[in-house]
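Once you have looked at the hints, place chain B on chain H.
There are 2 protein chains.
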Amino acid sequence: MHIEVICTGDEVLTGKIVNTNFSYITQKLEDVGLAVQWETTVGDDRENLLRAFQLAGERADAVIVNGGLGPTVDDLSQEIAAKAAGVELELNEDWLKRMEDFFQRRSRVMPPNNRKQAMLPTTSEVIDNPIGTACGFAVDIGRARFYFTPGVPRELRRMLEEQIVPRLLAKAGLPGAIFLKRFHSYGLGESHVDSLLAGVEDLVPDGSVKLGFRAHYPQLETKLTVRGRDLDDARGKLAPAEKEVRKRLGNFILAEDEQTLEGVVLAELTKRGATLAIAETFTSGQIAARIGPLPGAETILRRGVLARDLRDVWSSVGLPGAPPAGELTKETAEAVAQAARRATGASHALAVLIEVDEGPDRIEFGGSVCLAIAGPDRVASRRSRIVGGREWVRLGAVELGLDCLRRYLQALPVDERTDFEKR
Amino acid sequence: MHIEVICTGDEVLTGKIVNTNFSYITQKLEDVGLAVQWETTVGDDRENLLRAFQLAGERADAVIVNGGLGPTVDDLSQEIAAKAAGVELELNEDWLKRMEDFFQRRSRVMPPNNRKQAMLPTTSEVIDNPIGTACGFAVDIGRARFYFTPGVPRELRRMLEEQIVPRLLAKAGLPGAIFLKRFHSYGLGESHVDSLLAGVEDLVPDGSVKLGFRAHYPQLETKLTVRGRDLDDARGKLAPAEKEVRKRLGNFILAEDEQTLEGVVLAELTKRGATLAIAETFTSGQIAARIGPLPGAETILRRGVLARDLRDVWSSVGLPGAPPAGELTKETAEAVAQAARRATGASHALAVLIEVDEGPDRIEFGGSVCLAIAGPDRVASRRSRIVGGREWVRLGAVELGLDCLRRYLQALPVDERTDFEKR
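Residue numbers (the numbering used here), protein chains in the order written: chain H, 1 to 423; chain B, 1001 to 1423.
These are computed hints drawn from the structure, not numbers from a lab.
Be aware that a few hints might be false.
[Stated by the list, open to error] For lysine to aspartate or glutamate, the following DMTMM-like pairs were computed, each having C-alpha atoms within a straight-line distance of at most 20 Å:
(1) K1016(B) x E364(H)
(2) K1247(B) x E1298(B)
(3) K1016(B) x D31(H)
(4) K16(H) x D1202(B)
[To be verified] To be clear about the criterion: a stretch of chain B counts as covered by chain H if any three or more of its residues have a C-beta under 8 Å from a C-beta of chain H, and this derived list gives those stretches:
(5) 1016 to 1027
(6) 1034 to 1041
(7) 1288 to 1294
(8) 1302 to 1309
[To be verified] Calculated Cβ distances over 12 Å to all of chain B for the following chain H residues:
(9) E79
(10) D140
(11) L174
(12) R214
(13) R246
(14) L328
Ideal Cβ positions, reconstructed from N, Cα and C, are used throughout, including at glycine.
Next comes chain H alone, as it looks inside the complex (with noise of 0.2 Å):
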């Protein structure tokens, strides 16, 4: 099925705003195995808008539009597509009537102009969107159905996932129901994982099951997408695959599904009544700044310090005296541990000590970290050595600490090799 999809808006075509509606719509078809073969931006323009709708009708089985619904004068998509339609515009009553109650619920009146939005070709079906005043709506332009979706991103993201996904799936003769299951991981390469992954697939015989990789230092997510007769029947194929890649993968999934690395760790603080404190060399504070802005995390994130040097995380923490002189080491690390538990009273602390090379940054610019955490028990620590430049040192030495401590709260061993550490 050739599907293909229509930006408009002045705002993404002058790059005002960066378009990602458009990742967003081309990412999640291909999610359940549909793939976008073509897409147009185009301005609130009508000579150009039709010119589009004509050539994606000429050209496609199915169009995603998106934008061009709202109450003002610029938003054009259903006057332009009546007329590439062939047909006239006409005001939908239930919809009006939908808007009207959307506005009296929250106690305001309808502005004149949001009727605009109720007027809509008259071969159309409409599409609902449950969460704003854009109507959705399908009709056919040449040779392809046209599905029409509200720019704003929330709205687009429900009405696609819940109207139009399952009609693009009818449309192209696959089975209903489709099935994706994520993993996220921390310290594998995608080629390596992609190894220890080999066979998966073949655990469901029927050829349903497609595994695939998205990476983006430095994690990493592994997608299983499975096809059924309807959800149960695709989750319980996944069955065999999904064990079996959380049993060759292990301790390296950190999160799954809409997880985030820093969302497990608070959960697994917030689970047991625990508090933090973290220091930092290097990372700017970074590791702080990913758990900080969490729902909840107010009341466990006690106290966070960054410093220039190790001398000042050193008396920062309340230790005496100067930190051991020569290469920095895990027993370092634990001695900042250890103090910044007591000077802060958290229950845990987590120090990520970073020892950078000389020199301009460069490709093969890298960094010692040493890690540590301490808890009410135990005491665990690591060393790793990491490559690639400043910032990669960085981004690395961030996920490394978070990762580690999430091993901990889940009593994991922290110093499992990673790929992307030289020793």
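Structure of chain B alone, referenced to chain H:
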């Protein structure tokens, strides 16, 4: 002049990467007074590429193609360009030599598949890429001039600015020189600045100056674009308007052109051989995280402390007892800043303390910010109330803290009223 952009590559089409190259290109053209009419994204697919080139060649005067100039088999731009132009590919000996030198200077031997990058349509004009092996080129397809650019962002940027924009301006028959002046401000809303700057365009009587804005909370960018015979002419024309903007926005201008707020702060500190300590609540250390990663910051940013509540900040900077009970005050922030200086030995300290509202996040959610800056000979402080939801308060407080530090270092008042606060 009708301009189009064609973005190529499976990674962009499948959403694996968000298409920031497109927003960069279109913004850059906007800045010099040119408008993109139409954008197309296609994958690494011969048929779709050819069709996209042909369609754009029918509609446009100029087309910028991004991507597909690499050495691998899925890089198809030269091949399809030749086909669409109805000419052959031929080896460009000059570029081959350039590439061989490029590898030799890096003590490497050029892999054989890089040779492909020097194969250009016979009718091409070479467009220089001084920092990479992908050769840019221009060729006519249909009625349009096509400009082929590399997908690597820094190579694209350099080629677009130095090579392609001047060619487009010449093609459009516009005076050769465009000068863009940008002012970054914090604390004034877009409509407020728009009214403050009424009449500024008229200071240049020939109408060649254009005023524009780009808002990205909490900062606002004010842009003046001017056209002239050459750069000196353009700059000369701009002078009275530029002077007037600087006068009217006054202390609110925090940086100009490529400068950033954190960069200006760091430069001011560096200039006087100063060092800095930062104490933050609620911001998760985001003030330190803005300054810390900048080149040179490691010798300036001596220590950062973040804490969930005031008592932790109080004790972490070595203050005895507990902070004053009751409402957060400027005096408390002053005490923390002064103590942070003493405790860390830094010449300057910034304390940003925030008391946020109770209850769930909502648009009326607000926070009271008390901040203070202590230096060798004086202390400055201010109190401010920001509303707009938790994240809005956080972003606003970070910007306010950094901007007050900038004002302090530039001997400007730190307590000028902003549009973003309630009093």
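Hint-by-hint comparison with the structure:
Annotation: proposed proximity of K1016(B) to E364(H) is violated, straight-line Cα distance about 27 Å (limit 20 Å). For the hint pairing K1247(B) with E1298(B), the CA-to-CA distance comes to about 35 Å; that exceeds 20 Å, so the pair is violated. Restraint check: the Cα-Cα separation between K1016(B) and D31(H) comes to about 12 Å, which is no more than 20 Å; the hinted pair holds. With a C-alpha separation of about 26 Å, the suggested pairing of K16(H) with D1202(B) is violated against the 20 Å cut-off.
With 11 residues having a Cβ less than 8 Å from any Cβ of chain H, the stretch 1016 to 1027 of chain B passes the three-residue criterion, so the hint holds. Under a criterion of three residues with beta carbons nearer than 8 Å to beta carbons of chain H, the stated coverage of the stretch 1034 to 1041 of chain B is upheld, 7 such residues being counted. Only residues whose C-beta sits within less than 8 Å of a C-beta in chain H count toward coverage, and the stretch 1288 to 1294 of chain B has 5 of them, enough to reach three; the restraint holds. As drawn, the stretch 1302 to 1309 of chain B meets chain H at 7 residues by the rule of a beta-carbon pair under 8 Å; at three or more, the given contact holds.
Separation of E79(H) from chain B is adequate, the least Cβ-Cβ distance of about 19 Å exceeding the 12 Å criterion. No Cβ of chain B comes within 12 Å of the Cβ of D140(H); the nearest lies about 22 Å off, and the non-interface call holds. Its beta-carbon lying about 18 Å from the closest one in chain B, L174(H) satisfies the requirement of being farther than 12 Å from that chain. Distance check for R214(H) against chain B: the nearest CB is about 7 Å away, which does not clear 12 Å, and the non-interface claim fails.
Every beta carbon of chain B lies more than 12 Å from that of R246(H), the smallest distance being close to 25 Å; the non-interface claim holds. With a least CB separation of 15 Å from chain B, L328(H) remains clear of the 12 Å interface cut-off, as annotated.
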